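Q: Below are the chains, spelled out letter by letter.
Number of protein chains: 2
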Amino acid sequence: MSHLGPLRCRTWAALLRQLLRPPRTVCNRAVGCHSQVAKAVLTCEQLKPHQQKPNFIIKVPKGTRDLSPQQMVVREKILDKIISCFKRHGAKGLDTPAFELKEMLTEKYEDNFGLMYDLKDQGGELLSLRYDLTVPFARYLAMNKLKRMKRYQVGKVWRRESPAIVQGRYREFCQCDFDIAGEFDPMIPDAECLRIMCEILSGLQLGDFLIKVNDRRVVDGMFAVCGVPESKFRTICSSMDKLDKMSWEDVRLEMVAGKGLAPEVADRIGDYVQCHGGISLVEELFKDPRLSQNQLALQGLGDLKLLFEYLRLFGIADKISLDLSLARGLDYYTGVIYEAVLLESPAQAGKETLNVGSVAAGGRYDRLVAQFDPKGHNVPCVGLSIGVERIFYLVEQKMKISCEKVRTTETQVFVATPQKNFLQERLKIIAQLWDAGIKAEMLYKNNPKLLTQLHYCEKEDIPLMVIIGEQEQNEGVVKLRSVASREEVSWSWWKYRVLNVLPSLFKRQDLVV
Amino acid sequence: MSHLGPLRCRTWAALLRQLLRPPRTVCNRAVGCHSQVAKAVLTCEQLKPHQQKPNFIIKVPKGTRDLSPQQMVVREKILDKIISCFKRHGAKGLDTPAFELKEMLTEKYEDNFGLMYDLKDQGGELLSLRYDLTVPFARYLAMNKLKRMKRYQVGKVWRRESPAIVQGRYREFCQCDFDIAGEFDPMIPDAECLRIMCEILSGLQLGDFLIKVNDRRVVDGMFAVCGVPESKFRTICSSMDKLDKMSWEDVRLEMVAGKGLAPEVADRIGDYVQCHGGISLVEELFKDPRLSQNQLALQGLGDLKLLFEYLRLFGIADKISLDLSLARGLDYYTGVIYEAVLLESPAQAGKETLNVGSVAAGGRYDRLVAQFDPKGHNVPCVGLSIGVERIFYLVEQKMKISCEKVRTTETQVFVATPQKNFLQERLKIIAQLWDAGIKAEMLYKNNPKLLTQLHYCEKEDIPLMVIIGEQEQNEGVVKLRSVASREEVSWSWWKYRVLNVLPSLFKRQDLVV
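The listed protein sequences correspond, in order, to chains A and B. Using my numbering, the letters of the first sequence correspond one by one to residues 330 to 842. Using my numbering, the letters of the second sequence correspond one by one to residues 330 to 842.
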């Protein structure tokens, strides 16, 4: 009723507008004010400047999205599983700012530097939104002179890529990273990273998957023996990284026409990128007449051999495949690199194809921390990043196909009344439920209808109702009702029972009485 | 050993540098590579361009910070408590992008618009980082044409304020918001918001607190009867909002000298801002000869009276005080407003004073959603925001004073060996522990010393060790050792026991054997 006084003079224009609109729309949207008159007030044209109707299209920025309560529930469950896996492997949590000094991020992302979101120069420091969680982690290690750390970080990162939203790619997206920093015996931490990827992907039940593995030194060695000029290593590497999205013909065209590589050199690369297999491929490549001449490639192959031995002991060798086409575009990788792909789309039976690319990736980056250290001191690192955005997308699609419903609240008890003038009692009861740690709701109405209250419980899947009315008040009881079965019991000493019995019931499980 | 080949030629310059440095520093920092030679390689000057030493000071942007694992543990515990309170009240989760279209945020923050972080115009939309979680929520409601929603959101917001970091104020900080949107009977959702603030502040055990309450209509009515011109309402309101940080004399000076208010008008305001009290003050103000002439003020007082009645039923009336000096600077509030302050610093006995200002605040904003709706349709809202950054600061200070230690990992079992050449066995055992869901770690060394392994467990507070050596292998057992008590038992059929007994032990509690 608060706007009635000074605003009443403006209602006629608005009422007129209402009459001109189709009735359905009016009905549908006429909410939000304390009376019909007030409703009209707020649709009229003569509001104060800051109450004017917006003259812009209401939307979120390109490539970003809101997450609805339904999506949040799915996301929370997935992140919980990922984080508990990270904790199972002894990782500590870390958080870094959303933006970094721009100079901290330069020269870390090769061709992708233009995809960085810069902040406007409003006086002071030049800032950019973080592009990943790896570079901030390396900056953190150097800044705090840490020699060792096993950390996980979950957070948003931002990239100004042309968004292909249908495939679960956004300009703002969440990453879940696990990294092991420190000087250790070779390949033990690297093998644990692959083990973590397996545990997470198995645990999320996304269907069968494969982790492609390669080594940057093998890539560079391969380039060298194929005849790629050293100055072109990184840019050819970043072309090769597109092989999961583009055919070899297109990648070859980019290398030759776009980056000036000799066609015969590209063809030699083409022979190698067909190769994939397990430990036996490693043995074979050791004997490759060209590759075995290259020291760098031999180092990489030696480490890969050791890695496969550890993967066998970890019981995951069958999930890993050496794939010479794997390059990983980022500039900072120095050793083993890997990328997990789902082997078949879980919606194969459905209508949509779920081409989501890789769902996890990572590698060894032994020289990134030194780039931040004033004295050039180094900390070798290896890590992985889970592409949760794509996993969310897959799980959501799966749920859509199976028509699975999710509860978006955790409310256990609803406080209701069948009679008028029971607001005071309801407020007292719900406060006692909250005191006991029970998740409880009621309608914010003085005199709600019982049917409305029942419907609310059904809509929100609330398992239990506490009902108070005249009869109950006279008898000194409350009624407990199971929403699903419609059974009711009367509870005397309800305060005692509500405070002592209900919480233990709910602790036992998600109770449906 | 991976960098030895092509880099060896560059080691002499580096070795020379090492000799010129004080030995302690070398010792302290000489980490990160596979050999002494390689270590030197990475400190030398002739590295590739992208491996050069940085020529900038390594830091985080002004007003931001990293959160260390210790801080993350504290933060996680506090956020867990806050979020479970929000869920206890039936709230659904929501997430919105870190930035919004700039035009979505204009005209929402009155004097504070200059504190917004804008993104650089890189072609495309003009964007700003979100300033709070309230405006994105209103935008979400309007965009999705939602008439009702009870939601919580936890996320970072950004404000280019001059950072007073010692008081726990940052330019990047986390907010925890709870809001109720929808058309309901008056003051029921408002009272629940205050109840939530009380539950959270009591639950976090920050010491005694008080929630100041006022109503924007009472503020405006007070301004009107004091003689403030209507055009100056908002700016005088934003001056009054500084009363928690500045004395009345300074605020009066800003009003008179800075904003051209007549001195006698300021003095009349000065009389009112002294007033604070409970329901009796509301009754008193109803009879105030000037205020009772103002319709807007009377509406506000009427709602406050009802609010106090509900607060009594919720059992929290003693925590709430009507305070006419409370203004809340943000432009969008339209009804009841509130702010929680801690009554005495918990570190009173310590050396530092903990002036952290308000720790929670909020209010009713009935016309914000209409500003986003193309047809001006409205959804009244009321909500609150928990100032978690300040709460983190307080809890950290308390822990510092009481020398409380926190575990930064959750590792339950450490896999160790007293002998050489047991890496394979350790890898197999730890994989089985992970399979069973046990949080387990080991050292990434081929042949670690037993003492190093024991020290690691003590440092990281890991309760249990699984030890495997020659003797155990011959007997077909593993040794289980309690790190704290140093007791050991031999377990035969350890695979069966590890997989079936250990997990249930850890489920029971955080076991210290």
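No wet-lab data here; the hints were simulated from the structure. It is possible that some hints are incorrect.
As the list claims (entries may be wrong) - When the alpha-carbon atoms are kept at most 27 Å apart in a straight line, the in silico DSS-like pairs for lysine-lysine are as follows: (1) A/K388 <-> A/K476; (2) A/K774 <-> B/K476; (3) A/K476 <-> B/K788; (4) A/K768 <-> B/K449; (5) A/K416 <-> B/K416; (6) A/K388 <-> B/K768; (7) B/K768 <-> A/K648; (8) B/K788 <-> A/K485; (9) A/K734 <-> B/K476; (10) B/K768 <-> A/K729; (11) B/K476 <-> A/K431.
Unchecked claim - With beta-carbon atoms standing in for the labels, derived distance ranges: (12) A/N750 <-> B/K391: 30 to 38 Å; (13) B/S814 <-> A/K757: 26 to 34 Å; (14) A/K788 <-> B/P618: 48 to 56 Å; (15) A/S531 <-> B/K729: 27 to 35 Å; (16) B/K757 <-> A/S413: 57 to 65 Å; (17) B/E559 <-> A/K474: 40 to 48 Å; (18) B/I386 <-> A/K788: 34 to 42 Å; (19) B/I386 <-> A/P592: 43 to 51 Å; (20) A/K704 <-> B/K729: 27 to 35 Å.
Quantities reported herein were computed from a predicted structural model and do not represent experimental measurements. Think of the CB as a built atom: it goes at the ideal place given N, C-alpha and C, for glycine as much as any other residue.
Q: It remains to establish, for every hint, whether it holds in the given structure.
A: Structure-based check of all given hints:
Under the criterion of a C-alpha separation no larger than 27 Å, the hint pairing A/K388 with A/K476 is inconsistent with the structure, at around 45 Å. A threshold of 27 Å between alpha carbons decides the hint, and for A/K774 with B/K476 the separation of about 16 Å falls inside it, so the pair holds. With a C-alpha separation of about 16 Å, the suggested pair A/K476 and B/K788 falls inside the 27 Å cut-off, and the hint holds. With a C-alpha separation of about 44 Å, the suggested pairing of A/K768 with B/K449 is violated against the 27 Å cut-off.
Between A/K416 and B/K416, the direct Cα distance comes to roughly 25 Å. Compliance with the 27 Å bound is thereby established for this hinted pair. With a C-alpha separation of about 44 Å, the suggested pair A/K388 and B/K768 falls outside the 27 Å cut-off, and the hint is violated. Among the hinted pairs, B/K768 with A/K648 is consistent with the structure: their alpha-carbon atoms are about 22 Å apart, no more than 27 Å. The hinted pair formed by B/K788 and A/K485 fails the criterion: a straight-line CA distance of about 32 Å is larger than 27 Å.
For the proposed pair A/K734 and B/K476, the alpha carbon gap of about 22 Å is at most 27 Å, so the pair holds. With a CA separation close to 34 Å, the supplied pair B/K768 and A/K729 exceeds the 27 Å bound. Restraint check: the Cα-Cα separation between B/K476 and A/K431 comes to about 42 Å, which exceeds 27 Å; the hinted pair is violated. For A/N750 paired with B/K391, a C-beta distance near 58 Å fails the hint of 30 to 38 Å.
Remark: the range hint 26 to 34 Å for B/S814 to A/K757 is contradicted by a beta-carbon distance near 50 Å. Distance hint for A/K788 and B/P618: a CB-CB separation of about 50 Å, consistent with the stated range 48 to 56 Å. Range check, A/S531 to B/K729: about 42 Å between beta-carbon atoms, so the 27 to 35 Å window is missed. Between B/K757 and A/S413 the Cβ separation comes to about 23 Å, which falls outside the hinted range of 57 to 65 Å.
Under the hint 40 to 48 Å, the C-beta atoms of B/E559 and A/K474, about 59 Å apart, miss the expected range. Checked against the hint of 34 to 42 Å, the C-beta distance between B/I386 and A/K788 comes to roughly 57 Å, which is inconsistent with it. The hint said 43 to 51 Å for the Cβ distance between B/I386 and A/P592, and at roughly 48 Å that hint holds. At roughly 31 Å, the beta carbons of A/K704 and B/K729 sit within the given window of 27 to 35 Å.
In this structure, the earlier hints numbered 1, 4, 6, 8, 10, 11, 12, 13, 15, 16, 17, 18 are contradicted, and the remaining ones agree with it.
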